[in-house]
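Colleague: Let chain A serve as the given structure and place chain B on it in line with the hints.
There are 2 protein chains.
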Amino acid sequence: MTDVALRLLAGDLRALSQVMSSVERADPEAAPVMQALDAHTGRAYTIGVTGPPGAGKSTIVDRLTELLRREGSTVGIIAADPTSPFTGGALLGDRVRMQRHYLDAQVFIRSVATRGQSGGLPRAIKTMVRLLDAAGKSIVLVETVGVGQTELGIMEVADTVLVTLVPESGDAIQTLKAGVMEIADIFVINKADREGAGQMAAAVTAMQGLAPRQGWTPPVVLTKAHAGEGIPELWSKIQEHRQHLIQTAELEQRRQQRRVKEFVEMVEGELGRRWRGRLANDPVLAALRDRVARKESEPYSAALQLLDSSPLTLY
Amino acid sequence: MTDVALRLLAGDLRALSQVMSSVERADPEAAPVMQALDAHTGRAYTIGVTGPPGAGKSTIVDRLTELLRREGSTVGIIAADPTSPFTGGALLGDRVRMQRHYLDAQVFIRSVATRGQSGGLPRAIKTMVRLLDAAGKSIVLVETVGVGQTELGIMEVADTVLVTLVPESGDAIQTLKAGVMEIADIFVINKADREGAGQMAAAVTAMQGLAPRQGWTPPVVLTKAHAGEGIPELWSKIQEHRQHLIQTAELEQRRQQRRVKEFVEMVEGELGRRWRGRLANDPVLAALRDRVARKESEPYSAALQLLDSSPLTLY
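Chains as they are written, first to last, in this note's numbering: chain A, 1 to 315; chain B, 1 to 315.
By construction, these hints were calculated from the structure, which means they are not laboratory data.
Any given hint could turn out to be false.
Said to hold, decoys possible - Stretch-level coverage of chain A by chain B, calculated; a stretch enters the list once three of its residues show a Cβ under 8 Å from a Cβ in chain B:
1. 28–35
2. 234–243
3. 285–298
Just so it is clear, the structure is predicted and the values come from calculations on it, not from any experiment.
Ideal Cβ positions, reconstructed from N, Cα and C, are used throughout, including at glycine.
Looking at chain A on its own, in the form it has when it is part of the complex (with noise of 0.2 Å):
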């Protein structure tokens, strides 16, 4: 085994943040560590946290981390960012939120910029995920805001999504349409002080009866998190999904597809890099790309031509 994973499997927290860094870029030197770690993992319960920007999500996963601290868990969290440049400086003022934990040796803290990645969350996460299982965190938190594509790439990373609510005037039935109900496992109405808490939180039932799930009707939990009120009755419903998973053998069964998906991902992303690197050094490429920019060869049929004189040969 390399000295880093030893190192990491010891609780090693430069050596974690030093592996997380290159699985983040893909660096091959995190290849070797990767496949030593990888009979360390399988520990770890990954809890994703999803909603609209502003349904206070940081605020839940550090009530959560308070909680889980107390009992005596460690835990990693992985916040991904996508650096928009309209919610850009809302997602970094709830970063600042967090800061309490960064003191604590048993919270590993990493934000993940989403920005120019594919859609849905980078693969680096998931990656990022199992390093944090090997490092011996018992729960594992992703947070991200669900705008844009993002939010369906949580179920493929977290073994219980949380979607975060918050109950806003006239909003309440527009941010319950199609596709929240098949990405969460738990829906939390936050700010549940506010007016059209208990509406909303009708909605999401009734809205349950429409689309019915086998074995697990997603419970509605309402929380203050600011004021850290509801935060217990949500750990023991995300235990209750747990247990749930378990049961039913849905738990492994979703961390094989987690896997298979990392490692397609992971040569679609490296397939991307090094074309991009190829067309970067490579003469022949190059005067192609200024034929195609002016206007010497059309974009479309040049790229596929380029492909079609050469299959992928893969092994």
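Modeller: Frame of chain A, contents of chain B only:
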């Protein structure tokens, strides 16, 4: 020239729709068509409209279309639809407003789902803009909801980018974070009768002092798009920006970069698609995938090993 290309140049809408669908799924059959049409492009002017959900982008597109049709322009509209579970419903609602233009043969409207696509806007939108150009549309409007990662993509597709904002109680400054300034060629503050509109306009203008652009300072246009107010002023600012781009030769430069980007993304997308196709049909790769699922092989290192066994040959 292919038959479908000829029909498309002659204004046949069925031919246009057909090629649109082909390029969306990267069909090789569209390659000779795109090649034949390339000489007939370069006349259309592309306007991107982005902004947060609820800012009234569709209404602005609708009102601009109305004005352009009155002036005798033909219009192509591409609406990038992230079909987010949190915003999907609202977007579909907006689409309904455009319906009156569906009856106008000189307005071609196309929605493009962006779910599961790579970061930024789907590559197909760049190809579609060139198609609408070849089909004789003098103005192409591309509407994208600015959530997550798509809003930067609009810069890669449009000659002039409108960033649409709306005065929200307290949120005025929040929405003006770094990044927006780089995207916008023109700021549109819609729903300008709302409280805070003047404040927001002042804030945008103030921020421009911090990040001045060479030669072009994005103007701020106040609109009440619902009532059509401010739309003629907006159109006049778009024409000013167009003149600026022509005079500085930036228009040609932007368009060359767009062609290169389309080419690069097309190759990248196809590499990924071919990899997934191979995985689905090749028993050796399927066996490797199953080993990854069963934890007999580790995803990260398995992916890199697979790729290292066969360097990417492209010509």
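Colleague: Each hint should be assessed against the structure and marked as holding or not.
Modeller: Each hint, compared with the structure:
With 6 residues having a beta carbon nearer than 8 Å to a beta carbon of chain B, the region 28–35 of chain A meets the requirement of three or more and the stated coverage holds. Check on the region 234–243 of chain A: 0 of its residues sit with their Cβ under 8 Å from a Cβ of chain B, so the three-residue criterion for coverage is violated. Remark: the region 285–298 of chain A is confirmed as covered by chain B, as 7 of its residues place a Cβ nearer than 8 Å to a Cβ of that chain, reaching the required three.
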